[in-house]
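Chemist: Here is how the chains run, residue by residue.
Protein chains: 2
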Amino acid sequence: MAEIETPVESYLAAGRERRIATFGDFLRIPSVSADPAFAADVHRAAEWLGERLRTAGLDHVDVSETGGHPMVYADWLGAAGAPTVVVYGHYDVQPPDPLAEWTSPPFEPAVVGHRILARGASDDKSNISIFIEAVQALLATRGRLPVNLRFVFEGEEEAGSEHLEEWLEANRERLGGDIAIISDVGFFEGNLPALTIALRGIMSAEITVTGPFQDVHSGVYGGAIANPVNALATIIAALKGPDGRIRIPGFYDDVVPLSDDDRAAYAALPFDDDAYREFLGVPELVGEAGHTTLERKSGRPTLDINGIWGGYQGEGGKTIIPGRAGAKLTCRLVPDQDPGRIFEGLKAFIEEIAPPGVRVRVEPQGGGHPIRSSIDHWAVDAAAKALEDTFGRPPLFIREGGSIPFVATFEQALGLPVVLMGFMPPDGNFHAPNEWMDLDNFEAGIRAVIRVFDGFAASAP
Amino acid sequence: MAEIETPVESYLAAGRERRIATFGDFLRIPSVSADPAFAADVHRAAEWLGERLRTAGLDHVDVSETGGHPMVYADWLGAAGAPTVVVYGHYDVQPPDPLAEWTSPPFEPAVVGHRILARGASDDKSNISIFIEAVQALLATRGRLPVNLRFVFEGEEEAGSEHLEEWLEANRERLGGDIAIISDVGFFEGNLPALTIALRGIMSAEITVTGPFQDVHSGVYGGAIANPVNALATIIAALKGPDGRIRIPGFYDDVVPLSDDDRAAYAALPFDDDAYREFLGVPELVGEAGHTTLERKSGRPTLDINGIWGGYQGEGGKTIIPGRAGAKLTCRLVPDQDPGRIFEGLKAFIEEIAPPGVRVRVEPQGGGHPIRSSIDHWAVDAAAKALEDTFGRPPLFIREGGSIPFVATFEQALGLPVVLMGFMPPDGNFHAPNEWMDLDNFEAGIRAVIRVFDGFAASAP
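If you're matching them up, the sequences are chains A and L in order. Each residue of the first sequence is one higher than the one before, counting from 1 in the working numbering. Each residue of the second sequence is one higher than the one before, counting from 1001 in the working numbering.
Just chain A, with the same shape it has in the complex (with noise of 0.2 Å):
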């Protein structure tokens, strides 16, 4: 990577095992948002985060509790003149299961080469470390920073950003700004640098159905009465056509179709079909007919179950008729589709559609909207500057399948234009065991940061 100027890239040189050695310990407290056996764990995220950011240099920081998880606030603005971020992350982590698949423990990190691995590796505790290191490396050397900066980090992203709308509500004052980058992004394929431009949105829901009062006996009532797993299967199928289309009525009546410079977009893109099939260990990539893998992953709306369960799971056998059976189910979707509306289809399609003997029940989990941002501002050209004059490429400009909820909340009620920009690898297992981050884009992902804000500071109107 391209180094920066003499007294920060000596800083940064000479603390390279600090810096691992503090990602480290971040890793290392398991702040699982969607368990609450892990809320104590949570809480102590915040507060270490917090401490981080006063030794970092910042100059108000505060943890405050919503309700639910603790949001981290911090600012330093002391850039008369100079424009003011918002940077976003979040602390929060998925659940490690299944744990049995970890090479080692989730919440031990391990280095690995140059990976690190552990649960939050990537997703989202690389990103925020990455800034702080970058303001911390800018304070030490030059005593300031080339912008105004207020750092936002959530503890509930991974569990539905509950406390987030009514935390921004009361808060409103503290991000007021030119600039908001969400900071919970990566590179693309082939680990190259990028920014992304799109993010699709997400519809969670949890299906029940129930049966006999419990579990009973397969031979003794087999026959007589329906079967939950049955039914919730017939449920499931039902969901989707032979040709990956979604069968939910109205599913697709709000999707913004590709056009086809979406689609010479993506066709420009360095992708390997094959490559990529073969790093996922599928004999076949499939998915909605007439769409492409990448126009498919990120430019059009799925529908997925991310669990399911149901009766005995244990070694043997066990004769049962399950007395219940449930699973987890999220919708990613596009622009203009809207998540409550997307939900209320789904819920009315599944009560139809329910088969005779058992009782249904669908139920919301949280969603938020796909956002798909412009890429004309002169902040976005800023951060492509920084990203090629570090990475000796310019970036690719993407959209990425996951969502943000966060992201539409900024644009929409803040009035911030938002740069997506972050520095995980494209394969480093989010939600998934073994999760890592490539330890040379964190290093290099400083050198960015700091190239970014000086890049602000030179190019705001």
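For the record, the hints were derived by calculation from the structure and aren't laboratory data. Note that the Cβ used here is the ideal one computed from N, Cα and C, for glycine as well. Any given hint might turn out to be false.
Quick list of simulated restraints, FRET-style, between CB atoms [stated by the list, open to error]:
| hint | chain 1 | residue 1 | chain 2 | residue 2 | range |
| --- | --- | --- | --- | --- | --- |
| 1 | L | 1241 | A | 100 | 31 to 39 Å |
| 2 | A | 315 | L | 1010 | 43 to 51 Å |
| 3 | L | 1028 | A | 100 | 45 to 53 Å |
Taking beta-carbon pairs under 10 Å as the criterion, some of the chain A residues facing chain L (in silico) [unchecked claim]:
| hint | residue |
| --- | --- |
| 4 | 97 |
| 5 | 170 |
| 6 | 232 |
| 7 | 284 |
| 8 | 317 |
| 9 | 320 |
| 10 | 327 |
| 11 | 433 |
Starting from the known structure of chain A, fit chain L onto it as the hints suggest.
Modeler: For chain L alone, coordinates are given in the frame of chain A:
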């Protein structure tokens, strides 16, 4: 219940507390055969049972290793000229899951009114215990039994009876006799005394669907690849039609249709669909079109998922495409379906309909043939009279929906006529939480068994 002759009745009247305590000791041993974690407990149950048989006064008691769980054999052969009766039961039990639904721990027997709650309280430790208590009472009061007796108690009935045939082959000389009583059955709905004249067979299989190399992020990869849970649901949904008919080609080819006489016999049984539906807590009784509930639950074949799993089952959400999913499946079979042929049909059909983009494996988990007994036999007459004399009403002749693969072996391989008799309450929650035995059935059952033995001695040709 009607009393029997004074010395035996007096002996029994004085021993009820001791019998419940002994039964409780048996129930406290968690002899779960399907789960390897309980192997030592199953062994302990066999040793306990051997000791119990010695205490009861049996002559030759043998706990023999099989490569799996032990077989317990005991005999008393001192009734020269009288018929020889082979009595089968099993001392292993189903897994106790789901543990949270038990009102008391499954292996701490709890007496509530006339019920005793524990895993195995009815299926099948009750029947074994009733027979042993009857023998003990007879030997203690008369000094002899009216018939020659061989007990064969299995430890793998709930796990596929893997080593039974091998043991039978090696112990043929111990199984000579005139009649076999299979005591792994019970009473009809309403707790009405019954003799079972048919059992369904069973075919067990496990389906595994594999997608990406591990759980992956549903945003990043959603749309690009098939989801193993969605694929598994598609497979399961295709196995049965909305008319309740199983769609595996050839599935019904060998089914002997119910005759007019069969259907008339079903129609004559006292059975209330509404009460049954209410007991089970389901909105509707459903199954194969064109058949009554009673016909469906014992006279027609079934296909039920016993368990399903895949992805995240914890609190909150986890936005993943699971790396794999699986399900356990059983079919109950009727004459003349063959479990091997049914498995092959299932496997071929699943391989044919499996959606693209995943790998599917279908593995056999054991099976047993359906059986249908004749009711024209002196032993059946004697058993029916014994039940009528004990319970004050003639037994119903019923078909049972459950499966005892052993019965076909007894009938075919050993050439023994079989009487299917037992005392479990029909709603005893076998294979389910809060399994229980009716202690009145238990006490009356002891008298009934004594009358059966006396009746066999009096009526054998």
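Chemist: Taking the hints in turn, state whether each one holds.
Modeler: Verification of the hints:
Range check, residue 1241 (chain L) to residue 100 (chain A): about 38 Å between beta-carbon atoms, so the 31 to 39 Å window is met. Taking the beta carbon of each, residue 315 (chain A) and residue 1010 (chain L) are about 48 Å apart, inside 43 to 51 Å as hinted. The given range of 45 to 53 Å is broken by residue 1028 (chain L) and residue 100 (chain A), whose C-beta atoms sit roughly 32 Å from each other. The interface hint given for residue 97 (chain A) holds, since its Cβ lies 6 Å from the closest Cβ of chain L, which is under the 10 Å cut-off.
For residue 170 (chain A), the interface hint is violated, the least distance from its beta-carbon to any beta-carbon of chain L being 24 Å, above 10 Å. Nearest Cβ of chain L to the Cβ of residue 232 (chain A): about 7 Å, under the 10 Å cut. The hint holds. A distance limit of 10 Å between C-beta atoms decides the matter here; for residue 284 (chain A) the minimum to chain L is near 5 Å, and the interface restraint holds. A hinted interface residue such as residue 317 (chain A) counts as satisfied when its beta carbon comes closer than 10 Å to some beta carbon of chain L; here the least separation is about 5 Å, so the hint holds.
At its closest, the beta carbon of residue 320 (chain A) sits 5 Å from a beta carbon of chain L; the interface hint therefore holds under the 10 Å criterion. Given the 10 Å rule on beta carbons, the hint for residue 327 (chain A) holds: about 7 Å separates it from the nearest Cβ of chain L. Hint status for residue 433 (chain A) relative to chain L: holds, with the closest Cβ pair at about 5 Å, below 10 Å.
In this structure, the hints that do not hold are numbers 3 and 5, in rising order.
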